[in-house]
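Full structure from sequences and hints, please.
So the chains spell out like this:
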Amino acid sequence: MNDSFDRLYSDYHQSLFQFIFYMVRDREAAEDIVQEVYIKVLKAYQSFQGKSSEKTWLYSIARHVTIDWIRKQNRRKRKLLFFNLSQKENQIADLQPLPDEFVTQQESVKELYRALTDCTIAQQQVLVLRYIQSLSITETAAILGWTESKVKTTQHRGLKKLKGLLDERPGLEEEWKDGIV
Amino acid sequence: MESSKWTEEEIQKQLEKMPSVKDKRSKEFIFHEIEGKLAAWSLHKRRVKKTWMMPGMAMAFMLAIVLILMPLPFFKKEAAAPGMPERTLPKGNQENPNAVARDPEPPAGRADTREHQNDAPVKEKEKDRTIPKVEKKPQGDNQGSTAPLPQKEQPADNNAGGDEEAPPVTVQASSDENYHSPLMMDELNQQQKEGKSLVTVAYSDEQAELVVPLSFLVKGGGTYADKVEDVLGSFHPEKVGLQPTLLNQAKLSEKEGAVVVNLPAGSVSSSEEALLPKVLGYTFGYREGYSTVKFETDGKPGYDFSSQGPKEELDVNGVRGGAAFAYTTSTGDEFLVESNATTFAKPAETLEKAVDQMNEGYKDKKLEPVVPEDKTLQVEQSGSKTTVTVEGKGEAGDEETRKMMDAALVTAKNYGSETVEFDDEASTTKPAGEQKEEQIGAVNYMETKE
Chain A
1 MNDSFDRLYS DYHQSLFQFI FYMVRDREAA EDIVQEVYIK VLKAYQSFQG
51 KSSEKTWLYS IARHVTIDWI RKQNRRKRKL LFFNLSQKEN QIADLQPLPD
101 EFVTQQESVK ELYRALTDCT IAQQQVLVLR YIQSLSITET AAILGWTESK
151 VKTTQHRGLK KLKGLLDERP GLEEEWKDGI V
Chain B
1 MESSKWTEEE IQKQLEKMPS VKDKRSKEFI FHEIEGKLAA WSLHKRRVKK
51 TWMMPGMAMA FMLAIVLILM PLPFFKKEAA APGMPERTLP KGNQENPNAV
101 ARDPEPPAGR ADTREHQNDA PVKEKEKDRT IPKVEKKPQG DNQGSTAPLP
151 QKEQPADNNA GGDEEAPPVT VQASSDENYH SPLMMDELNQ QQKEGKSLVT
201 VAYSDEQAEL VVPLSFLVKG GGTYADKVED VLGSFHPEKV GLQPTLLNQA
251 KLSEKEGAVV VNLPAGSVSS SEEALLPKVL GYTFGYREGY STVKFETDGK
301 PGYDFSSQGP KEELDVNGVR GGAAFAYTTS TGDEFLVESN ATTFAKPAET
351 LEKAVDQMNE GYKDKKLEPV VPEDKTLQVE QSGSKTTVTV EGKGEAGDEE
401 TRKMMDAALV TAKNYGSETV EFDDEASTTK PAGEQKEEQI GAVNYMETKE
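Top line first, the protein sequences correspond to chains A and B.
Residues in the first sequence are numbered from 1 upward in steps of one, following full-length UniProt numbering.
Residues in the second sequence are numbered from 1 upward in steps of one, following full-length UniProt numbering.
Please note: incorrect hints may appear among the correct ones.
[Said to hold, decoys possible] Simulated DEER-style distance windows between Cβ atoms:
(1) A:Glu54 <-> B:Lys346: 49 to 59 Å
(2) A:Glu107 <-> B:Phe29: 46 to 56 Å
(3) A:Lys51 <-> B:Lys17: 26 to 36 Å
(4) B:Glu187 <-> A:Ile137: 13 to 23 Å
Don't read these hints as lab results, they were simulated from the structure.
Positions of the beta carbon are idealized from the N, C-alpha and C atoms, including for glycine.
This is the structure in structure tokens:
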């Protein structure tokens, strides 16, 4: 097996996959995307000069490939709308079933997972990298190619947006009463 | 009744506890999949090489024959005429006058496989472009001033990324959305305090029926013409579905408070000529000091246009204006375009009529109305202040609403408003009637990252 792949896989695979999955919320798509990321990485591996950390370099590529995929999906949706598919039908098609990992989770986790989809792509990236992936502000800024202050601002706006979205959802009252959330 | 359910801290903690999602496939399986694709890729690469080897050799052979057969006096004549078109072209494009216009794009959808911190000049991500930092002439930044600096003619180096000393900065969308929203005045002021200058350059659509002004914030000194040249030389509009204009073939400089556009003879096509006032108006008209653009042909005053005849100068003030519409290019990038930036839209006489136009759009020309069907805009102008009332359901933060508000700001500004107040009844995130004041700093902002 290719030594570079072997090492990249053991060091980063599951965390890269998780990042991609939380961005696209589709296991099959995440599987395809992570493979595409490896292909791009292995093609360019010799040109990697070590000026940035390998981790942020990999995440940066993963981020680009993922956003390309999301954009392609959005264009496809627009085309569907153009062909008179009603908006309601399109919205229903958007509701992916919850992944297995979430089925047994509390309602609040499920709601949070769903609410993430209503944030902008930029907010989602920051929230996933910062909290779900536990990356630092510096690492997140390096991956996104942003300034640290922009990461902080987007993070703050993302949390605020999630708060607004979650406050609107009625399904959590029981968990609140039970003190679960 | 509960006052508040979630706090931001709780959300933060909950996000940290989100379940781990793992790839259930084996390492061997993934490697097998990748290996297959990599093998297909290298096979394709070899095939492509083989395919192009023969035509390439044939072309080289033909070229050699042509050079052998070409009479010697031809060369002598060329050598005796310095300052021919190649001298007027950007340095980086001397071998191919259309290099900027025809600059090969990386395949769509290719991700940037370089180190992101490397600031490499070729960013291949759909929304990432590189332009060099404008730092070659430390003469003081004149962007913030209203009058251009009186200077001698300073031909700027329109090197397409060829200035080795200027490290590039990456240009990307202001967010990861397709819509390139305007830069607000507060943000612009802040950026200018940090030493950045605003540069706006107009690019054409693929049908040459309209121009789209793109705004960049660049670092460094030099004249405004220098900065425009730097953007022209290094930003590839094809990546956002736009086309280069005659400015990409010109040498720009400042002379006696005017911008000088030095064009190679015969370089302006008839379609470019029709767009000429718009290209110049939407590139230089934003600068209060540049009321006039002077033409030169290979360094001599005036340019002989095919349909308008010889011209020495053009007034670029008053070109811009009209109602703003949404324009989506073939790459899916979305911009705001004003009616005056098109060759077909009629400018409305009043702001009220302009708002009516905004509701309609020019759908056959891909200028979409910015007011969603479930919303209506009403405007009330009082002196330099305009109140825009948005009626209808929807969320204030969504992209369509944001685009509509941006378009309303641009349009109101075009009709003499200095301040716009939104009475946003469509908002579900804040009480109806809550008002906010906004001012546009620059349209279609292309964010640069260092």
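Taking the hints in turn, this is what the structure says about them:
1. A:Glu54 <-> B:Lys346: 49 to 59 Å: 57 Å, holds
2. A:Glu107 <-> B:Phe29: 46 to 56 Å: 35 Å, violated
3. A:Lys51 <-> B:Lys17: 26 to 36 Å: With Cβ atoms ~35 Å apart, the hint holds.
4. B:Glu187 <-> A:Ile137: 13 to 23 Å: Hint holds: Cβ distance 21 Å, inside 13 to 23 Å.
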